[in-house]
Amino acid sequence: MGSVVEVRRPVDVAQLCARLGDADVSHIKGGEAELECPACESELLLCLEPGESTIEPGLSSELAKRLHAEAVQAGREFVATSLTKLFGRFTCPECRTTFNIADQVASGLAE
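The opening position of the sequence shown corresponds to residue 1 in the working numbering, with each subsequent residue numbered one higher.
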């Protein structure tokens with residue numbers, strides 16, 4: 001099994017799910033993202049909430065930037081910060097490959 005990062009408080013993903021439409025977002029729940037490393041296929045469970053993390057925050061798409069701006073405007077700093085992790089980059093602890101988290105979550109949704 002891959003790395004597990006402790007979740008301290010769930011992310012409010014209901015609004016994110018509503019914005020994503022009918023997409024299956026079961027890979028993102030309770031402030032976590034379940035995914036596989038694209039290189040070594042290690043199973044990873046990442047914490048998306050604010051706080052110390054090995055995730056490199058980012059806003060890798062126009063959707064990410066728009067959702068982040070809306071969360072900030074609505075005063076939802078917790079959600080805004082969590083989005084920077086969802087749309088950030090992570091280095092697999094097993095093989096050291098760095099990848100875009102949202103891309104890997106999306107590839108898991110396509111399966």
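Please keep in mind that the hints were generated in silico from the structure rather than gathered at the bench. Don't take every hint at face value.
As the list claims (entries may be wrong) - Computed Cβ-Cβ distance ranges for the label pairs, DEER-style:
id, residue 1, residue 2, range
1, E62, S42, 25 to 31 Å
2, A106, S53, 17 to 23 Å
3, T98, E52, 29 to 35 Å
4, E41, R66, 18 to 24 Å
5, V72, E43, 19 to 25 Å
6, Q73, T97, 23 to 29 Å
7, R96, R66, 30 to 36 Å
8, C40, E62, 16 to 22 Å
9, C95, L63, 14 to 20 Å
10, S60, E34, 29 to 35 Å
The model shown is predicted, which means the values in this text are computed figures rather than measured ones. Just so you know, even glycine gets a beta-carbon here, dropped at the ideal spot from N, CA and C.
Going through the hints against the structure:
no. : hint                      : in the structure
1   : E62 with S42: 25 to 31 Å  : holds, 30 Å
2   : A106 with S53: 17 to 23 Å : holds, 20 Å
3   : T98 with E52: 29 to 35 Å  : violated, 19 Å
4   : E41 with R66: 18 to 24 Å  : violated, 32 Å
5   : V72 with E43: 19 to 25 Å  : violated, 32 Å
6   : Q73 with T97: 23 to 29 Å  : violated, 35 Å
7   : R96 with R66: 30 to 36 Å  : holds, 32 Å
8   : C40 with E62: 16 to 22 Å  : violated, 30 Å
9   : C95 with L63: 14 to 20 Å  : violated, 28 Å
10  : S60 with E34: 29 to 35 Å  : violated, 19 Å
In summary, the structure is inconsistent with hints 3, 4, 5, 6, 8, 9 and 10 from the numbered list given earlier, while agreeing with the others.
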